[in-house]
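With our numbering as the guide, the letters of the sequence shown map in order to residues 261 to 550.
Read the hints as simulated data drawn from the structure, not as lab findings.
Errors might be hidden in some of the hints.
[Claimed, not checked] DSSO-like mimics (lysine-lysine), calculated; alpha carbons at most 30 Å apart, straight line:
{"no.": "1", "residue 1": "LYS437", "residue 2": "LYS456"}
{"no.": "2", "residue 1": "LYS318", "residue 2": "LYS289"}
{"no.": "3", "residue 1": "LYS456", "residue 2": "LYS468"}
[Said to hold, decoys possible] Label-pair restraints from in silico Cβ distances:
{"no.": "4", "residue 1": "ASP348", "residue 2": "GLU382", "range": "22 to 32 Å"}
{"no.": "5", "residue 1": "GLU413", "residue 2": "ALA304", "range": "56 to 66 Å"}
{"no.": "6", "residue 1": "GLY406", "residue 2": "THR380", "range": "13 to 23 Å"}
Backbone N, C-alpha and C fix where the C-beta goes; we use that ideal spot for every residue, glycine too.
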Amino acid sequence: MDERQQQIKAGAGLEDSRINEDFKEFLEKWGTWLLVVVALAFGAMWGYQKLEERRVNKVNAAFAAYEGAAGSTNPNPQALLQVAEEYDGVRAVPDLARLRSADIFLHAARTGLRPGAEFTPEGELMSEDDLLSDEEIGRYIDQAQGLYGQVYESASASGSILAIDAAFGMGAAGESKGDAEIARRGYEAAKQAAEKHGRPILARVAEKRLEAISDGVPARPTLYASTDLPELPRYEPPAPTPVETQIPVVGEDESPEADPADDSGEAPTAPEGGEAAPEDAGEPEASDAP
Numbered sequence: 261m262d263e264r265q266q267q268i269k270a271g272a273g274l275e276d277s278r279i280n281e282d283f284k285e286f287l288e289k290w291g292t293w294l295l296v297v298v299a300l301a302f303g304a305m306w307g308y309q310k311l312e313e314r315r316v317n318k319v320n321a322a323f324a325a326y327e328g329a330a331g332s333t334n335p336n337p338q339a340l341l342q343v344a345e346e347y348d349g350v351r352a353v354p355d356l357a358r359l360r361s362a363d364i365f366l367h368a369a370r371t372g373l374r375p376g377a378e379f380t381p382e383g384e385l386m387s388e389d390d391l392l393s394d395e396e397i398g399r400y401i402d403q404a405q406g407l408y409g410q411v412y413e414s415a416s417a418s419g420s421i422l423a424i425d426a427a428f429g430m431g432a433a434g435e436s437k438g439d440a441e442i443a444r445r446g447y448e449a450a451k452q453a454a455e456k457h458g459r460p461i462l463a464r465v466a467e468k469r470l471e472a473i474s475d476g477v478p479a480r481p482t483l484y485a486s487t488d489l490p491e492l493p494r495y496e497p498p499a500p501t502p503v504e505t506q507i508p509v510v511g512e513d514e515s516p517e518a519d520p521a522d523d524s525g526e527a528p529t530a531p532e533g534g535e536a537a538p539e540d541a542g543e544p545e546a547s548d549a550p
């Protein structure tokens, strides 16, 4: 029994020794390559983390640049277009910047004022150079229409909901130009995009616009400068009428009548030719006649 146990122990020792020898041979043959693979794996992980950090920083910088350009009191459309070009391909920043720039151009064409025009506290235009000519108004509408179309194509390809805003912008630009066909195509695209993204209210709005231009685009009202308008007569309120308040003055000759009682406090005597009434004047006594 002891001999068998010794043989088992000896066999186990030989087996362990053989395993150790095989492991040493494996490390000698593949150890260097194994270390290289592990190092490459760690390097790839580190590189991926750096790339992800850089991507997130770029996205944050893109949105910060857009908010800075669009959030001012008088945003500059050219600054927004620079943001769109600088951060092209970064999330929805390029589409947002071009869409906001198109809105500014279209608003300027509708009001006839250059973007960034300033006014005095009285509401008057500070510089006459900010008034747009008819040629400049037409150019602004064309710029807005082109930007709306660019955003619509990009948003439609990516499945972005911004396609709805861009399509409505194309329709509005067509109306501003007086072109019913361009306006119709824009509103039809807006209706389709709204239905695709599950916005039934916006789809009905597009239908209403299509009905409004079914007989053509209404003529655009003419905008006049304040110098071209007739001067209105100034209103002058009537002078207030003075109100005189008369307070009666009591003089010596207008003193109030004296009290019937004299200074002595005695009652007045009966008038002449008359008899004084008895003090205890009551009902007549009944007669004693039977």
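Hint-by-hint comparison with the structure:
Proposed proximity of LYS437 and LYS456 is supported: the alpha carbons are some 28 Å apart, at most 30 Å. For the hint pairing LYS318 with LYS289, the CA-to-CA distance comes to about 45 Å; that exceeds 30 Å, so the pair is violated. With a C-alpha separation of about 18 Å, the suggested pairing of LYS456 with LYS468 holds against the 30 Å cut-off. Distance hint check for ASP348 and GLU382: the Cβ-Cβ separation is about 43 Å, which falls outside the suggested range of 22 to 32 Å.
For GLU413 and ALA304, the hinted distance range of 56 to 66 Å is not satisfied, since their beta carbons lie about 37 Å from each other. At about 34 Å, the CB distance of GLY406 to THR380 disagrees with the hint of 13 to 23 Å.
Violated hints for the displayed structure, listed by number in ascending order: 2, 4, 5 and 6.
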